[in-house]
Each structure stands twice: as C-alpha cells, then as structure tokens.
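Peer 1: Model the full structure from these sequences, guided by the hints.
4 protein chains.
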Amino acid sequence: MNMNINFSQLIEWRREFHQYPETGWAEFWTTCKIADYLESMGFEQILMGTEIINPDFVRGRHLSTVRQSIEKALVNGANPKWLDKMQEFTGCVAIFDSGKSGKTVALRFDIDCVNVSETKSDNHKPNQLGFSSKNEGLMHACGHDGHITVGLGVAQWIMQNKDKLSGKIKLIFQPAEEGVRGAAAIAASSVLDDVNYFISSHISFCASSGTIISNLKNFLSTTKVDIRYRGKPAHAGAAPHLGRNALLAAAHTVTQVYGISRHGEGMTRINVGVLKAGEGRNVVPATAEIQLEVRGENKAINQYMYDQVVQMVKGVALSFDVEYETEIMGEAVDMVNDPELIAKVEKIASQLPQIHTPNAEYAFNASEDATILGRKVQEQGGKSIYFILGADRTAEHHQSEFDFDERQLETGVQIYTGLLADINSK
Amino acid sequence: MNMNINFSQLIEWRREFHQYPETGWAEFWTTCKIADYLESMGFEQILMGTEIINPDFVRGRHLSTVRQSIEKALVNGANPKWLDKMQEFTGCVAIFDSGKSGKTVALRFDIDCVNVSETKSDNHKPNQLGFSSKNEGLMHACGHDGHITVGLGVAQWIMQNKDKLSGKIKLIFQPAEEGVRGAAAIAASSVLDDVNYFISSHISFCASSGTIISNLKNFLSTTKVDIRYRGKPAHAGAAPHLGRNALLAAAHTVTQVYGISRHGEGMTRINVGVLKAGEGRNVVPATAEIQLEVRGENKAINQYMYDQVVQMVKGVALSFDVEYETEIMGEAVDMVNDPELIAKVEKIASQLPQIHTPNAEYAFNASEDATILGRKVQEQGGKSIYFILGADRTAEHHQSEFDFDERQLETGVQIYTGLLADINSK
Amino acid sequence: MNMNINFSQLIEWRREFHQYPETGWAEFWTTCKIADYLESMGFEQILMGTEIINPDFVRGRHLSTVRQSIEKALVNGANPKWLDKMQEFTGCVAIFDSGKSGKTVALRFDIDCVNVSETKSDNHKPNQLGFSSKNEGLMHACGHDGHITVGLGVAQWIMQNKDKLSGKIKLIFQPAEEGVRGAAAIAASSVLDDVNYFISSHISFCASSGTIISNLKNFLSTTKVDIRYRGKPAHAGAAPHLGRNALLAAAHTVTQVYGISRHGEGMTRINVGVLKAGEGRNVVPATAEIQLEVRGENKAINQYMYDQVVQMVKGVALSFDVEYETEIMGEAVDMVNDPELIAKVEKIASQLPQIHTPNAEYAFNASEDATILGRKVQEQGGKSIYFILGADRTAEHHQSEFDFDERQLETGVQIYTGLLADINSK
Amino acid sequence: MNMNINFSQLIEWRREFHQYPETGWAEFWTTCKIADYLESMGFEQILMGTEIINPDFVRGRHLSTVRQSIEKALVNGANPKWLDKMQEFTGCVAIFDSGKSGKTVALRFDIDCVNVSETKSDNHKPNQLGFSSKNEGLMHACGHDGHITVGLGVAQWIMQNKDKLSGKIKLIFQPAEEGVRGAAAIAASSVLDDVNYFISSHISFCASSGTIISNLKNFLSTTKVDIRYRGKPAHAGAAPHLGRNALLAAAHTVTQVYGISRHGEGMTRINVGVLKAGEGRNVVPATAEIQLEVRGENKAINQYMYDQVVQMVKGVALSFDVEYETEIMGEAVDMVNDPELIAKVEKIASQLPQIHTPNAEYAFNASEDATILGRKVQEQGGKSIYFILGADRTAEHHQSEFDFDERQLETGVQIYTGLLADINSK
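Note that the protein sequences, when read in sequence, are chains A, B, C and D.
Residue 1 is where the first sequence starts when you use my numbering, and the numbers rise one by one after that.
Residue 1 is where the second sequence starts when you use my numbering, and the numbers rise one by one after that.
Residue 1 is where the third sequence starts when you use my numbering, and the numbers rise one by one after that.
Residue 1 is where the fourth sequence starts when you use my numbering, and the numbers rise one by one after that.
Simulated from the structure, these hints should not be mistaken for laboratory data.
Note that this is a predicted model, so its numbers are computed, not measured.
It is possible that part of the hints are untrue.
List time: in silico DSBU-like cross-link candidates among lysine-lysine, alpha-carbon distance up to 35 Å [what the hints assert, rightly or not]:
#1 A:Lys314 / B:Lys314
#2 B:Lys85 / B:Lys162
#3 D:Lys103 / B:Lys232
#4 B:Lys72 / D:Lys299
#5 A:Lys314 / B:Lys276
#6 B:Lys72 / D:Lys134
#7 A:Lys276 / C:Lys81
#8 C:Lys162 / C:Lys81
#9 D:Lys162 / B:Lys232
#10 A:Lys72 / C:Lys72
#11 D:Lys134 / B:Lys276
#12 B:Lys232 / D:Lys314
#13 C:Lys276 / A:Lys232
#14 A:Lys232 / C:Lys232
#15 D:Lys426 / B:Lys232
Peer 2: And the structure:
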C-alpha cells in the first residue's frame, strides 16, 4: 500500500481549521469544510443530521448559539448544501465501502474548540505565522484541529488505497466532545451498528513527542447535569415569608450532594462547578442554577451518584417548595482498551523511527466521551481502543498559549492507516 | 359570704402533694387524692377520663409510663374507684351547679411535676420539715403542688358558701402542663362548651410576694414536635452506599429548619432542643430522633413555622430515602387577657393587705397551655385571664432548690374566691 | 413670605433629570446640573467632594463605573468646574446662611436612579411626551428625579425669600440612596454638625395623591454586606483533594447565616440575595461571591445579625481553608420621627386644599439611609422626620412602567417651604 | 517437635473465657486468668502495665469503667498480684527466650468482648452446655475468646517444645481491639522493637471451616474520633440570642464532614455513627457529642480525612462560638501481607487434612488494629501477616446468636505452631 503522507497538506489543513474554531454543536463551518474536502477526495457517502445524530440524546446544545453559528458559517463561506443536510446538527460521518467482505472499522475524530481567547503573544507560533483564531473568544486550545487533520489525512490515504482495501471504514467527525456532550447522540444512532473495531485517540495530553500511550486506563464514567430551581420573589424586609427561596434550595443541594455516601465498590467524584442564584440583594431569590458533574469508577457507580443527585434535588425542591428541572448536559463511561488493539498500536508505533516509547500506560482519572462509542462496539462483541498520540506542547491544554508539535500529525495518520492496513487489507 | 380560709389546711395539702410528684399524664395518685378530697367536701360531679379528655388531642403521653404509674399509685394508696373511672387518662373536673341561673366559670389548676431531683441540702425547707419528694428523680419544682392546693382551697370555699352562689363553677385539675401537653385534650372535650369566664394563674415565676401581675402579655403560640427518621444500617467501611443515613437526614433537617424564613408580620422562634441518632461509630446510622419546638407571635405565625418544619421533614426524608414520622407533643396559643377580668383581679388584689402591687404588667415571651382553654372560651364569646400570683422563691423554677412562699397560697385562694364572689353571687 | 411656586419650572426640571438617570456614586452629570442651577439661583456655598463625603464610609462604590460616568457626563455637557471640585465623589450640599441667628435646618434629597430599562410602551407618559431615559438600562424608576426637583424648588423659594429668613439652611443632594450606600459618608463628614432639624421624605411609595404619611414607623436597621471567598482550583476528576472549594464554602455560609438565632428582643431579617461561584463544571471552584443583607428592629439587633454573619464567615473560611473578605456595601438605621416635626408637617399639610389626609401612619418594615442622617441629628439633640409625600403612580417603584403624579411635586415644595417658613422665619 | 494439641483443653479454656467477657480496657479478670495460665505453664517473663502500654497512645478508655471492672474482677476471683502489676492497664505479653540466637517472632491475640447481650435461645450451644456469658450485656460475640484460647494453646506448645526452639517468641494478649483502640499503645511501647516476624489472625469472619484466607487485602486505614462541643444554654422563647448552640454546631459539622472532597489517589470513608445533643426541647442546646470515623485506602489518605475533620471542627466552633474538643478513640492503618509469610501459611495449611482451601484471597475493606503492630514491624525491616482462620458460625459477628465451630481452634494452634516450628526451629 501507499504509505506516503503529504505532510505539508496536513499542516495546511490544521492551520486552516485553527483559524475558525467553533464550540460544541456549533461546528457548522467546520463540518461544511470537512465535508467539502471529503467530497473532493471522492467519498460518496457523507452522512449528516439525523442520519448520525439521535436528537433525544443530544446533550448541552443551545439553540440560540446554533442559529448564530449557522449565520456566521455562511458569512465565512460555508457550503449551503451541507448546511441544509445537517438539519441544525453538526458533525458528519464519511463511509468508505470497499464492496468486499471484511471488517467494519470506525475511526473517531472530535472537531469542537473551547471558550478560550488565544494569546496575543509574539512567542506563539500561530501569531508568528498568521494562523491564529479569527473567532474572538474561541480557540482550538485542546488540539481538536489536529484531530480533524489526522482524520482528513486518513481519508486521503483511504482514497489513494481504495482498491487494496476490504470491508468498510467509517470516519466519524464527532461534534461537542468538550463537556462530553456529543458522543451519546451518535451512539444512539445506527452509525455503529455494524462496527467491529473502534479506534480513537487524543493528541499530546500527558505524553510528549515520541511516546504512544497505547494503554490509557482508569477512564471515569461521568454525567454532567444542570439543575435549575424556580421559586418566588418577595421583599426581604417586608414579607420574606411570602418568598420561595431558590438560592437557599441551591445551597442546601450543594451541601447534600457533596455528602453522597462513598461507594463501597469503587471511586466516586462530585463537583458543583458553577452556582448562580438570585436577582438582587433585597429580594428573596427566585432563580438558581447549578452546573455539576458526577463520576464513578464504572458505569454503575456513576449511575448511583447521578441517581442520588436527582433524589436530593427532588427532596430539596420539596423542602423549599420550589420548582426544579434537571438536564443531562454530557456523559461518558469507563472503557478498557482491548489487548488485541493495544498490541496492534504498539507494533505499528514501534516501527516508526520517531517513536521511542510505543507502549506506555497511564491512569487517566478523567473522562472522554469516545468511551460511549467504544463501549457500544465492545458490547456488540467488537473491539475498541483509545490511545494517546504523544506530542510536545507549549502550554497546558485549554490555556491561551497552547500549541502542539505539528510533526506528530503525521505520526497520527501513520498509526491509523497502519491499523487500517492491518485490519482492512484485501 | 364566708371569706375565711383555713391556712393550715392549705399548708398540709401542699406538703402532702409535694411528697408524691408525678409527671404529665402520669398523675394517677395525684388525681385520685384530689378526687378523694373533692368528694369528701361534697362535690357530686367529678368528671374523669374521656368525659374531660379527647384522646385524639392527647400530646406527648407514653403508655409505658402510664402503666407503671398506675401500679405505683396503687402501691401508694390511690383509690381504685377513681383509677377505674380515669380510663388511663389523668386529671379531673369538679362541677358545682348552684341550680340557679348565672354565669359558668371555669378555674384551671395544673397538677404535674417535672423531672428534677430534689436537693438533699439541709437549707431546703422540705428537707427540714420532712416533706420532700418521695419519688426519686421527680419534684414539684414548678409549684404545681401549690396550684392543686389553691384549687382545693377554692373547692372548700365553694362548698362552705354553696347556698349563696349562682350559676356553675368548674374546677379543672389539668394534667401535663409541662411541655404544654394537656390542655388541647381538655379543650377538645365538651368541658368548656358552656363556660363564660376562664381564670387561671401561675405562682411565683417573675413576681415576688406582694405583687400580682394582672396583665401577663406576649404569650407565644407554640407547637412541640418530635421527628423520627428510620433509614437502613450498613457497614461504614465495606458498603456505606447500601445504607440509608437517618443521622445525616436529621442533621440536614436541623440546618434547614433553623433557616425557615423570618415572618414579615411578627416574631418567630425555632429550637431543636434534642437530637439523638445512630447506633455505633462504624455503622451507617439507621435511626434518628429530633425534639423541637416552634413559636410565633400569634397562632397563624406559629402555624406557618409548623407547616414549614413538616414540609422540610418531608423533603429531607425524600432526599435521603428514609422513612419519617412527626408527632405533635405539645401546643399552646397566644391569648390576650380581657380588660374586665384584669380590672376584677386588680380590684380584689388591691383590697388584700399583703399585696402592695396589684396591677403589674409583664411580657411573658414564653408559652403556657392554659391559653388554649382561655382562647376557646374567648372564641365562644366568653372572657379569660391568666395572671401571676407573686411569691418569693428560693431558686429558679425547675431547679432542685426551688421552694416558694407558702403564705401566698392563701392569697391565691382569696383572689379566686373573690372573683367567684363577684361573678357568681346570688 | 412669597409662597408662589413656579409649577411649570418644576415639571421642566423633573423631565430633564428623568432623561439622564445615573446610578449611585455615578451621578456626575446630575450633580453638575444641580450645582449649575443652584449657582444660577444665587447660592454662594456649594460644597462637594471630601467637604461632604468622608471616603472611609463610602459604601458600594465601583471605581470603574465612576471613571466611565465622568467621561459620559462630560460628553453630555457637564460643567468641568464642578467635576474638578467633586474629586470623583458625587452629591453636593448648598448652604444658605441668613447671617442672622436662628435654627440650622438640613433638608435631604436623594439623586440616584436604578438599574431598570424604561418601558417602550406608548402608554407611558415619558414616551408620549419625549422625556424618557436616554441612558440605556438606567431609569429614574424610584422617583428621585422628583426628589431633586423638590429640592431645587425649595432652593428657588429660599432665594426669593432670603431676606425674610433667619438661621441656616442646608440642602443636601445625597448620592447613592439605592442600596443605602450614600448617607453614611455624609453623616461621617461635618455637614450635620450644627444641624437642629433634619427633614427628608419619599414620593409616592405607599400613599396616593392627597395623603401625607406624617408618621412613617418601623424603619428596619440594615447592613448590606458582600462576602468573597478565594480558594484554589483543581481538576475535579484527577485531584479534587488539592482544591480549596470556595463554592462549597459559600453554600455552607448560606446554610449557616439563615440559621442565625432569632433575637429575643425584636425582629430580625437575613437575605442572601445573590450568590455567584465557580469557573467551570469540572474544576473545583476557586471563587465565590455572596451579596447579603441583614436587618434588625433596632441598631443593636441589626449589629447582632451583622456580627453573627462575620463570625460565620470566619468560621466557614477556616473550615474550608479559603481566604475571605467582607465589605459593607450599604447601611441604614432605625429612626423614630419627632412629634414636634410630625405636628408641623400635619399642620402645614392640612392647610393645602389638595390634601385630604395629612396625618397618616404606616409601618415601613423596610430601610432608608436618610435615617443615618436623621439619627445623627437626634443624637446631637436635634429633631428629625422622614415622611411620605403621597402621589399616584402607574406601576410599582423599580418597575419599567413607573411614573408618578407630577402635581405632587408642588405639594412637596409647599410642605418643605412651609416647614422652613415655620422654623426659619425672621 | 511435639505437634500434639490437647483439643479438650482448648474447648475448656474457650468456654471459661466465654463466660466472663469484658470490654476493651476492662479485661482485668481476663488478663489475670491468662497470666495465671501462662505462669503455670512455666513462662517467666509476663509483662504488664506500662511495660507494654504507652499511656500517651491509649485510645477510648474510660476510667470509671476501669475502676468498676477491677472491683468486679476481684469479686470473680482475679489474682490481686496481677492487678497490682497491671497499673490499671489490661493485656499482657509473655516472652519465651530460648537463649539461642534466632528470629524474634510476635504473635498477637486480642482479648476483649463486645456490648451485646447473649441470646437466651435454647438453640444456642453456650446455653445448652451452660457456658454462656455471666456478664449481663456483654458477650464474646466476635470470637476473641477463641483468639485467647489459640494463644494459650500456642503457649502450651512452646513450653512443651522449648528445648527445640531458637530465638525469641512474644505472645501479645492485646486489649481493646473493638473500636481499634488497643494496638497503638502497644506499638508505642518497646514490645516490638526487636521483632522480625509479626503474625495475627481472626477466626471465622468471611471464611467457613476448611478455608484459610492467607492473603487478606484492602485493609483501610482508619481513625476513630470523638468530638464534643460546649455552648451556652438559653431560654428558647425569651432569649435565644443569648445561647451558644452546640447542637446546631454539631449538625453543621455533620453536613461539612460528609462533604470532605474525595481524594484523587484512593478511596476514603467518613461515618458519623452517633450524635447526641441537647438537654431539653425548650432550651438552646449547650452540649453535643459526635462519634465518627474516617478511613482511607492508605495511611496518608486517612490522615487527609482526619486533618479535614479537625479543620472543620475548628471552623464550626468558630462559626458558632462554642468550645470544642476532639479525642482520638481508635486507629488502624493499612498493611500488605508479606509474600514470605503468605507462602508459609499456605504451605502449613495445605498439610492439614481439615483444610480444603489453604490459599484464599479476600478484600477486607474494613479495619483491624493488628495492622499498627504489623506495619511497625515491617517499617523496621521485618515481615507481617494477618490471615483469616475459617470457621463456620451460627450468626453474624456481633450478633446475640453468634457461635463458631470450636474445632477450628485446633486449626489455629496448628498454623501458629507450624509457623514457629518453621521459623524458630533450632
């Protein structure tokens, strides 16, 4: 097979996407651009909208942001053809069907950015080379621009080698990984129904250039929840007893949920990350909003935490006679990489001259929604892996000064295509 | 009319009752003894049991204590005839019916003691004169032995003057005033249905010998509530998540109820006086008990406090998935003394040589369940008063060293009989 | 004396000030305009800046708002002479000194607006007549434009009658009444040191046109406090134990302060009006801000509430190992109107044909910082009053649709000038 | 060596100790009886009192119980010689010194009972055979009577084989294992200073007859803490603001400590097992007591939990202006069995015909204070094991109906003596 990768093309793509970052469920320009490239490479099946998104499982999507982003995407030159097809849901799945029997492999690349303003510093390469973010307040500070790029590199390779391949390959360009909001909706569509292998990865994170963490462990299952209380205002001096105090309900919710019993069978986490309540100093507060997350060492323990939170919200709402609503804003599960795929990744990585450590392990102790996709494939009897593509970086993920070693985009394409060459060779 | 009072008889009665103190709803010996005296004086109607007690409104009564106290009363020589009649409920009402038209007046005397061990000190008159409590751990340390005595003194006077009286007189010997537990059950019987005037009083309290507080003000309405939670135990190390934590529920109840909003229309109070929870250090606590009280400047505000407490108990029980029960253990309301009766008391008191201040006012800021009886009479169109019969004392009420100036028993009888002479003269 | 009032002039002033509302401590254009008018009327002493403001007692003033408002005031034509004199502090005090012996009287008019957007409705008279707010998001929705107007009307009358007056008159145009933030700084200057009578009022509120509430009662003492916690962020999944949780500290602060014990000697209030905490869902929250207020039936009870809050903030900061700061953002005290001034107001009002009820009473159960000024005068041996100038209104105070019966501006000037005619006649 | 064990002697001992159960730090009769037996067997060094107990590390010992138990022990025939030597501290250590070079081995047997009333049921063997508890309310319901018995059996074997042994053997009869209160004081004495091997075990627990859990894992480090608050009483109606509410402080302590952040590096536990507070319903509560425990996957994590609790207690005491004290009532650490000793136990057990499973593993997820002794030996460079001696039982540990398969006492002696034969053979 043709193993040549056009490195300067990868750089070009990455820098283009870096300039137009879009947040989760708002990646309209990004999706259109990806689809344009895929189409131009020759992909015939590019699925979008409810073909790949089950609306009932969409998490943390704000319709006003969606609408504004569509407008902006048009201004920035997005192809209206795709916008129509998307039905207001971002992301796309390109399917390559060799027409020959063989395995079905799904590769997943996440495409959203974070709410970070890119540094203006002259030391920052995107500033020096003129490819920094054109969308104020938004930045690809987590490296998903790199993920898109690797996906396009793999797509190109597929088309270059299409006659040598068997089975089916699905390239999933997933929206809204930040906040673990996007995967559940794809998992609940039919995209993965026939998939035998699921492969995904993150660039950089805890590994420098030359290292592949082939066995990332200790994913925490997690659910992200928003809680909203609505009470009744009243004058705090003259008639406080007529109020229904949403802020007080929220405070008691916080003191209750942190006290959810530890679980005898594994680790748990609870974090109330944001609390906003009240309208004015001298008014009994009528509204409150809590943004929290729970985690567990496994799905069942995370579910226990979530169930306890909901139980307490109901109880507090009853205590303070306020209305409540809870909304799941994101979710991920735990997953264990399959040894077969770990071995394949390590074998491929060990053959790359730029890789000195092809087989590192790492305890993640955090959450990633690719696990929802990977677990679904495993539950169907398939195999899944999520690995770390080591890459030097200039700052922590999500910081204004973040940039990564672009040479590792090539490494990424090499590993994915190596896996495809292994699994889908005719 | 004959206004002579047999002072040495009063002293004898008081010292006898002082030796056999019984707590609320356990005054079996006391009630029998009162009934014996009333019968021997010539009272023909002595009501007891469900004639005067509505069982649905009995508060804070423990059946095991009741049974033990009946046994003990028998041992101490209680008359079995009365015990039969009582149907396990203490207290009695003696009715004098002149057979002539006139007003119906109810006088109320409370008869229970407190859980205090009487001092062994030689300085304590009951020890010097050999009439201290024979019931270990119990003591008439609030002066209700004096109240009984005044009631008997008044009863004797009625019989001595029966031909000169008109209307009806009801002498209510009420159980369980401590904890404001007894009045509600009498108020819910028919005892007060035909009453025009209601008169009651307390000895000593905030007034020394020579002073009558004719206008006691600022009674607080109150409800005493017990709350019990039942959860599920679990090993705190191995499986804490299987427990249902009653202690934690109780703690959150406490933090919630103290935060009940102040009321715009008047003062409120909340006190969680006792909390007991848990079985052992390393077991998730399965039981918890809270003893609390709420108060309000008036009935409606007290009801608001009570309703909020119950609402919060329900909410906390839901939050922590524990069972709950609430039980009203006592209650009292607010009451305003009627000016007509204030004037009568002041006039009578001002004619007694031992009284130098017949007309004091005092803000009580506490609770007394005679108010339930008094308010019922007022709501029927009658008039009520609750006054303080000043008496020097040797210690605070409810202290081991408490004793009062016995000479004021005579003052008490004089005021009550003065009122009867005024209202019920032929 | 000349009792004619130029009503059309009052209307013109009110409508001019209505168009340029400025919030507390930002009333630069307003103060300049008032000073221009006072100077043109002939006032020679117009005090400003630290002559009338003690910076140590300035509450709830934001320097960035101050700076922006100065810029805007210049754009809107404010007189730079006054801006220099103000030293960044708003408000002014005009002094009329008759040169003759007599009483010193202080009249106080508050000048700030509220953060309310004026309605766009055609039914709203300011829209019909073209004098609605030109400052987006700000509105004279409490009627302080009317207070300024009455002050200017009184100023004009003083100059018209200056030869007939004795003693001294001080017209205090006070900043930042909203949030009770401005009076403390004036009280702590020397402005009131020689004052014998203090008079202030509010338009409309609880009284319609034709009514004067000469005896406003039940002012609640209050303190407005901001509390800020600073903790330490940490990843909520990987290392939550390294965080210092400011949000959790804030929640526990809320549950503690609502539970501050009721006070046996009078009413209290506590309201946590606003709580904002946290940076993101998956980060241990490092910052939290609470805006609260306490109130008490009198100064001592309010102080008790404030002391308890501060004690609890210290305790919670210790529990959660976070840094804290508390800042007093506003304050007012309780005050009892002096009978002498009540009588004077009633007498004057009863002589006005448009007044049918010159002597109403009302329990305020709210707070107003004129009380700080009034109490200071009373504590010096002087006399004070705060009355309500009844005026029909189209909506509640602080609502977008608020407007008041402008004819009562004349009534206001008549009452103030009537009082001056009474007290300061030669 | 002589491997014969006198089984009927073991039964006799066990049933004797079963009749006289004593709680932790009160095992005076028990210690005297053990010492009598040891002395009669020929042990010359029997250490007691401060020779083996460092008073600074004694946890959860109540002096009044100690004094009463000494009296009772005398009545029950305890040898006064030993009582003198004990200096009011229970437990003893018998030392066998072979006089020859070799290893020093410490075996530890815990000797206290629990606060459980033994069942009266006829189905209960101790009732059928007449050896049930003579100490009302106390029972060897955890099997420590068996532990003592095994220790005496081993002692007897040592004396029978003393000429064939090398090195030193220390038999530690430890008080107060229940509540993990006794080990710390022994560890802080010099008893273990020269020890190379530490061996201890528990009978029954999670293993039935025929099974040895040679590798008990997941011991949780733990600290048991009592917290006491002292506030100030006040009348809840008249002057609640004068109180200092210890119950409210305790409730807030509970809500705070349950919310201590999970630890990123391992499991934690928190349990408030008992809370008692308050004196009466209508009094602001002046006293409160909390009994809690924390646990952690390791010593550092447990220390983190303990430090957080103490920090919160200080903070709450400051918030509510109450006095506090904290007292450590017990403690244990985590420990990992040494492979060398696991292998030895398994080898010995596998040679016993009655054992079918000599090598089970089990995750304990609970706490045992033998770990403090074992860890100390390991930190000195020695080796330690804590294993489970499987034995059928008739009920859960700590239940009234608990009894165990006495035949396994012989198994116990066989394993311990097998280990000594292996390690201390000449």
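Peer 1: If a hint holds in the structure, say so; if it does not, say that too.
Peer 2: Tested hints:
The straight-line distance between the Cα atoms of Lys314 of chain A and Lys314 of chain B is roughly 11 Å, inside the 35 Å bound, and the hint therefore holds. Straight-line distance between C-alpha atoms of Lys85 of chain B and Lys162 of chain B comes to about 26 Å, which keeps the hinted pair within the 35 Å bound. Restraint check: the Cα-Cα separation between Lys103 of chain D and Lys232 of chain B comes to about 49 Å, which exceeds 35 Å; the hinted pair is violated. Proposed proximity of Lys72 of chain B and Lys299 of chain D is contradicted: the alpha carbons are some 58 Å apart, above 35 Å.
The suggested pairing of Lys314 of chain A with Lys276 of chain B holds, with an alpha-carbon distance near 26 Å, which does not exceed 35 Å. Simply put, Lys72 of chain B and Lys134 of chain D have alpha-carbon atoms about 31 Å apart, close enough for the 35 Å limit, and the pair holds. With a C-alpha separation of about 43 Å, the suggested pairing of Lys276 of chain A with Lys81 of chain C is violated against the 35 Å cut-off. In summary, the hint linking Lys162 of chain C to Lys81 of chain C is supported, as the alpha carbons are separated by about 26 Å, within the 35 Å threshold.
The hinted pair formed by Lys162 of chain D and Lys232 of chain B fails the criterion: a straight-line CA distance of about 53 Å is larger than 35 Å. With a CA separation close to 33 Å, the supplied pair Lys72 of chain A and Lys72 of chain C stays within the 35 Å bound. A C-alpha spacing of about 31 Å is found between Lys134 of chain D and Lys276 of chain B, which places the hinted pair at or below 35 Å, so the restraint holds. At roughly 31 Å between alpha-carbon atoms, Lys232 of chain B and Lys314 of chain D fall within 35 Å of each other, so this suggested pair holds.
For a cut-off of 35 Å, the pair hint linking Lys276 of chain C to Lys232 of chain A stands: about 19 Å separates their Cα positions. At most 35 Å may separate the alpha-carbon atoms for a hinted pair to count; Lys232 of chain A and Lys232 of chain C meet this at roughly 34 Å. Pair hint Lys426 of chain D plus Lys232 of chain B does not hold up; C-alpha atoms about 55 Å apart against a cutoff of 35 Å.
Consistency note: the structure conflicts with the earlier hints numbered 3, 4, 7, 9, 15.
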